[in-house]
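The listed protein sequences correspond, in order, to chains A and B.
All letters in the first sequence, in the order written, are residues 888 to 1078 by our numbering.
All letters in the second sequence, in the order written, are residues 54 to 160 by our numbering.
Don't read these hints as lab results, they were simulated from the structure.
Heads up, some of the hints might be wrong.
Cβ-Cβ distance ranges computed for the label pairs, FRET-style [stated by the list, open to error]:
hint, chain 1, residue 1, chain 2, residue 2, range
1, A, I1025, B, T102, 27 to 33 Å
2, B, S74, A, P948, 18 to 24 Å
3, B, D100, A, V1051, 28 to 34 Å
4, A, N1018, B, D156, 30 to 36 Å
5, B, T102, A, V1022, 34 to 40 Å
6, A, P1068, B, K124, 22 to 28 Å
7, A, F1011, B, D67, 43 to 49 Å
8, B, D100, A, V1061, 18 to 24 Å
9, A, F1011, B, Q157, 41 to 47 Å
10, A, L1029, B, D67, 55 to 61 Å
Within a straight-line C-alpha distance of at most 20 Å, the following computed PhoX-like cross-link-like pairs (lysine-lysine) qualify [unchecked claim]:
hint, chain 1, residue 1, chain 2, residue 2
11, A, K951, A, K897
12, A, K950, B, K120
13, A, K951, A, K962
14, A, K950, A, K962
15, A, K901, B, K79
16, A, K897, B, K141
17, A, K897, B, K79
18, A, K901, A, K962
19, A, K962, B, K123
20, A, K951, B, K120
21, B, K124, A, K962
22, B, K124, B, K142
23, A, K951, B, K123
24, B, K79, A, K962
25, A, K1066, A, K951
26, B, K112, B, K79
27, B, K142, B, K112
28, A, K962, B, K141
29, B, K112, B, K141
30, A, K897, B, K142
Okay, the calculated bits of chain B under chain A, using three or more residues with CB under 8 Å as the criterion [unchecked claim]:
hint, region
31, 70-80
32, 90-104
33, 152-160
The structure presented is a predicted model; accordingly, all values stated were derived computationally and were not measured.
Glycine included, C-beta positions come from ideal geometry on N, C-alpha and C.
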Amino acid sequence: MNDQITEQTKQLRKQYARTFHNDGLLDIFVGWAIVSAGIYLLTSLAIFSFAGWMPILLIAPLKKRFVIPRFGYAKFSKPAALPRPILIGAGAVILIGSLLVSVLGSQGFRVPLIVGLLGLALLFALDKGFNRVTVYAIFIPLFFIFGFSLNILTPAIVILVGGVLMGLGIYLFVNFLQKYPLEHEEEDGLS
Amino acid sequence: MTEDHPLDPREISDLDRVIHSPTRLKIMLVLMSVEEADFTFITHATDLTRGNLSANLTKLEETGYIKIEKKFIERVPKTIASITPAGKKALDDYSSLLGPILDQLRQ
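Could you put together the complete structure from these sequences and hints?
In structure tokens:
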């Protein structure tokens, strides 16, 4: 295939992926996870250590319910930005490494586990070319690492940061719904 | 059409007129970048009205450059379009012919 067309289609795929993930859902759930961490720090109620991450399971059903009917469906045959075995290998190293640090380290399991999970998010971001995830994947671990190390991470700050992300997510979600209203495909005129 | 092969205006007549239309070229580029896409996705990706898109999809299907099917995605009926091997070849040929012409004009 002609190089110019290949490059053009590669750029288009990235653009579609960015728009598809610009619905704010991820921001809302990441924000909620941080808010929950803040509430957990404040109250020590165990439920908030789970409540933060569990709603992430809702992303796929919500995408199907709200995003695909509006933005449309497309199947991408895109090869990964990095070769798949490298991504899987790097993911496994990060996960196993963070678990080992959790078990062997003296600082408890939360920080290395968070770093490990967000490292996986960074790999996902690299794979998808999704820039905002990249920012989150870099910013959030640094926020927690420096916050804990310098002992400046108060529950209020954590809740505030999470709240800002949730607010951004809600703003993006409302924008997405307005930009892509629901249309009925029966009107396509194609038999 | 390089320095060894100067621009011959007659070759412009060889451009594929089905693809040469800006509307259909947009559709072809979108379908080239995905394996398959539904009508709504192509509408957003090309910024075309539904009527215009429908007419041009039909034209491309008649030429054999794209395939249109009705499929159920998540139990919802969708009009799915995908580019055919003939469509990929036509786009490649079009680019190979037009690219050197544009290069020559830039010089």
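Hint check results:
1. A/I1025 - B/T102: 27 to 33 Å: At roughly 41 Å between Cβ atoms, B/T102 and A/I1025 fall outside 27 to 33 Å, so the hint is violated.
2. B/S74 - A/P948: 18 to 24 Å: 40 Å, violated
3. B/D100 - A/V1051: 28 to 34 Å: 33 Å, holds
4. A/N1018 - B/D156: 30 to 36 Å: This hint holds: roughly 33 Å between Cβ atoms.
5. B/T102 - A/V1022: 34 to 40 Å: 36 Å, holds
6. A/P1068 - B/K124: 22 to 28 Å: 23 Å, holds
7. A/F1011 - B/D67: 43 to 49 Å: Hint holds: Cβ distance 45 Å, inside 43 to 49 Å.
8. B/D100 - A/V1061: 18 to 24 Å: 22 Å, holds
9. A/F1011 - B/Q157: 41 to 47 Å: 44 Å, holds
10. A/L1029 - B/D67: 55 to 61 Å: 57 Å, holds
11. A/K951 - A/K897: 24 Å, violated
12. A/K950 - B/K120: Since the Cα atoms of A/K950 and B/K120 sit roughly 27 Å apart, the hinted pair is violated (cutoff 20 Å).
13. A/K951 - A/K962: Roughly 14 Å between the alpha carbons, so the hint for A/K951 and A/K962 holds.
14. A/K950 - A/K962: Holds. A/K950 to A/K962 sits at ~14 Å (cutoff 20 Å).
15. A/K901 - B/K79: It holds: about 16 Å lies between the C-alpha atoms, which stays within 20 Å.
16. A/K897 - B/K141: 15 Å, holds
17. A/K897 - B/K79: Status holds; Cα separation ~15 Å.
18. A/K901 - A/K962: Judged against 20 Å, a Cα distance of about 13 Å means the pair holds.
19. A/K962 - B/K123: Measuring from Cα to Cα gives roughly 15 Å; hence the hint holds.
20. A/K951 - B/K120: Violated. A/K951 to B/K120 sits at ~25 Å, over the 20 Å cutoff.
21. B/K124 - A/K962: Roughly 13 Å between the alpha carbons, so the hint for B/K124 and A/K962 holds.
22. B/K124 - B/K142: 25 Å, violated
23. A/K951 - B/K123: At roughly 19 Å apart (the allowed maximum being 20 Å), B/K123 and A/K951 satisfy the hint.
24. B/K79 - A/K962: Holds: B/K79 and A/K962 sit about 18 Å apart, inside 20 Å.
25. A/K1066 - A/K951: Given that 20 Å is the threshold and the Cα spacing comes to 17 Å, the pair holds.
26. B/K112 - B/K79: 14 Å, holds
27. B/K142 - B/K112: 17 Å, holds
28. A/K962 - B/K141: Holds, at roughly 17 Å.
29. B/K112 - B/K141: With Cα atoms ~16 Å apart, B/K112 and B/K141 stay inside 20 Å; holds.
30. A/K897 - B/K142: The hint holds at about 18 Å.
31. 70-80: Per the Cβ count (0), the hint is violated.
32. 90-104: This one holds; 11 residues, not fewer than the three required, reach chain A with a Cβ under 8 Å.
33. 152-160: Coverage by chain A is violated for the region 152-160 of chain B (1 residues, Cβ < 8 Å).
Checked against the numbered hints listed earlier, the structure breaks hints 1, 2, 11, 12, 20, 22, 31 and 33; every other hint is satisfied.
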